[in-house]
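Okay, here's what each chain looks like letter by letter:
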Amino acid sequence: MLELIESLQEIKKDIELLSGQTLSDCYQCGECTAGCPTAFAMEPVPSQAIRLLQLGKFNEVLNSTGIWLCASCNVCGERCPRGVDYGKIADALRTIVLRNKLTHLTLEKIDKQFISDAPQQAFIAAFRKYTT
Amino acid sequence: MKQIAYYPGCTLYTKSKNLDLCARETAQILGVELKELETWNCCGAIYSTVQDDLANQVAPIRNLIEAQKISNKLVTLCAACYNVLKRSNHNLFLPENDIYRRRMMNFLDTEYDGKTETVHYLEVLKNDIGFENLKTKVKTNLDGLKVASYYGCLMLRPSDELNFDDPDNPTMMDDMFAALGAEPVEFPFKGECCGGYVLVDKPDVATRCSQTILESIVDAGADCVATTCPLCQYNIDNQQKLMSKQFNLPVFYFTQLLGLALNVDQKILNLDNHYIDPKPLLKQKGLLK
Chain Z
1 MLELIESLQE
11 IKKDIELLSG
21 QTLSDCYQCG
31 ECTAGCPTAF
41 AMEPVPSQAI
51 RLLQLGKFNE
61 VLNSTGIWLC
71 ASCNVCGERC
81 PRGVDYGKIA
91 DALRTIVLRN
101 KLTHLTLEKI
111 DKQFISDAPQ
121 QAFIAAFRKY
131 TT
Chain X
1 MKQIAYYPGC
11 TLYTKSKNLD
21 LCARETAQIL
31 GVELKELETW
41 NCCGAIYSTV
51 QDDLANQVAP
61 IRNLIEAQKI
71 SNKLVTLCAA
81 CYNVLKRSNH
91 NLFLPENDIY
101 RRRMMNFLDT
111 EYDGKTETVH
121 YLEVLKNDIG
131 FENLKTKVKT
141 NLDGLKVASY
151 YGCLMLRPSD
161 ELNFDDPDNP
171 TMMDDMFAAL
181 GAEPVEFPFK
191 GECCGGYVLV
201 DKPDVATRCS
211 QTILESIVDA
221 GADCVATTCP
231 LCQYNIDNQQ
241 KLMSKQFNLP
251 VFYFTQLLGL
261 ALNVDQKILN
271 LDNHYIDPKP
281 LLKQKGLLK
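Chains as they are written, first to last, in this note's numbering: chain Z, 1 to 132; chain X, 1 to 289.
In isolation and in its complexed conformation, chain X is listed as follows (with noise of 0.2 Å):
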């Protein structure tokens, strides 16, 4: 079985069971086996801009080393990490960096070329295992699943970057759940910000800009949500408590689905790590008995 590099990160691992164990599992099921790099620390989960700022690129550079042990990719599911650890390798091997990249490698001591390629799950399914392949490995179609699919804004931006989809018109994972035989739903906010960290700091505003996402997708017709980041998916489903609007939308992972779309075992799908329970609405469209 093919062998990639997995990072899963500080949030997998507790809060986010759900999403990383489908990962594992569907990976496994279509002939790819995510291994888990041997030691690995937080990334940082947020990326400093801030110019001479080296201190805080230490651990996603770290990590990408780590990688090297396995494979030249490094898969990452949840889209901070994914942001975090692909720009900083990224922008320290930028040619006008290299002071910055001697000085990094000189304090790890250690040699390190930038070959590890931070890659995203849903780029594995796109390019490795190929969605039309995907079609054929389906045992539960998600036929008349309305899914709006909610990338935020860590996948996609900045573009030049990360260079992951369309940055205004993402289509990567509406393409996954039309494999998967649900329906993806067009909603204008694909790519916009939850809140985010701020969150933490100021509560209602966070709010606010998840409730005009929820807005959004509910307007455009769709039975649920699926996201790629645990802060997104605590932003658009716990959050529902404090909206000035009754949304009773559930928030899966795009991992859940798939894995529901695979039939892997229910203990692993974990739908019950939600606020707003998707159980009902899986029943009613027959993929739960």
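Okay, chain Z solo, but in the shape it has when bound (with noise of 0.2 Å):
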């Protein structure tokens, strides 16, 4: 669990400046939602997490399942109407994490016939996403 030592003001600036987008410019219409490949599973979807961004609950996203089902698609940036790209947002609170030194994902935790049958293409990107 990442326990924020920053102030609310300047876990906001770094989400803006990690992921170049502005929180306040979401009006919550749902398109990113509507569009996501795996909103199915997340907790919570992209709407929802912007939402709770703009309330300054960022503990709560942070600390959430959801951003780590990303797949890095880009439907949700490609189809906003303001312009605001949550596969950004996504990477940005999840670098947060991860330079935090909270590692998600481990190798021990990958099937042992499953990393000799997969394309190394889904390693490298699962590392480059998942690993500090």
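In short, the hints are calculated from the structure, not lab data. None of the values given here were measured: they were computed from a predicted structure. Heads up, none of these hints are tricks.
Beta-carbon label-pair distances, calculated as ranges:
1) X/K2 to Z/K57: 56 to 64 Å
2) Z/R99 to X/K17: 33 to 41 Å
3) X/D53 to Z/N59: 18 to 26 Å
4) X/V218 to Z/G30: 28 to 36 Å
5) X/V138 to Z/K109: 45 to 53 Å
6) X/F107 to Z/N63: 32 to 40 Å
7) Z/G30 to X/N163: 23 to 31 Å
8) Z/D25 to X/D168: 21 to 29 Å
9) Z/Q113 to X/K245: 16 to 24 Å
10) Z/E43 to X/C42: 28 to 36 Å
11) X/N127 to Z/S7: 51 to 59 Å
Here are the simulated lysine-lysine pairs, DSSO-like style, with alpha carbons at most 27 Å apart:
12) X/K137 to X/K126
13) X/K202 to Z/K112
14) Z/K112 to X/K15
15) X/K245 to Z/K112
16) Z/K109 to X/K241
Partial list, derived from the structure: chain X residues whose beta carbon lies under 7 Å from chain Z:
17) T11
18) T49
19) V50
20) Q51
21) C153
22) P158
23) P167
24) Y197
25) V198
26) C209
Cβ coordinates follow ideal geometry from the N, Cα and C atoms, glycine included.
These two chains come separately, so use the hints to put the complex back together.
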């Protein structure tokens, strides 16, 4: 679990700087969630996550499982009528967790047979997004 | 013969030899030499959108610099490599990223003006060779084969950075199959994500994404699927073993079907490297002896 030691203003600034997005631009239409292929398993879903961030509930989002399910497919960013890219926000949130030395994925968690079967591209991408 | 710099990427050298070898061979037949970069490194497999993450852009930029020794274009086949190489170059050379660009060049101790254009092999087929021209080179017409062209996410989005095809209704691969005599099948999930690297962390989530795509393809009446990405291929071919429905639908690389139409040797087509055996379908259609 990530315990934030920075002030709320600082963490908001970090998210906006790392993602290049302005949280207050989102007007909650839900287009990102509607198009997201993994939203069925996400908690919170993309539009909810942005709303929680707007309300300053950073701990809740940073410690959620939802941010790790983004597959970087960019449907949300492509379709947002306000030009907000949730994929970039998810990347920024994961980066904050990872830079606090909290690795999401370890090699031991992965099935051995799967490691020998799957294309290495999958592992390179996963370790880039899920490890420090 | 016209030479274009070629970047295979990590997976094409091992798990996806069929994607790589068929492309080299078909290009040769069509009068283009895909000249592999003398030295190259992995592109990183996924683009990092984190604004200060300059370290992750070093690998792709290094490949683009290396390409300059051969041509101003760099051809890739893997959708992930295409996405990473093209976006890295596009974003590093935006005017507002001047400071990052200078830092990168200082680190690499070289000068590079961003002139290497990353192109996908499909774009070479369309623009350099031409689908009309391709039609005249077909030896085995893929007549009667209903192909669902699955583009996935990495070739199409973000469209303002990649500018590959219509991000909602791409047609480039369909047009290529039409030129080969096959019947392109329309389905709504052409650009839907297969689950990608989420497979490594949460296989059940990724498998459900792939299953949604396969259901849509089967409903549209396709005989088989064609992809451009090794991870898409794995997700929608191999993961069929874990799905709640049996599809038994073969998943090709687009270069394999292109190779089949141009009578490329079966050793190069490498039709054994699939979870769902595609040979019975091809025999049934009279495309394979």
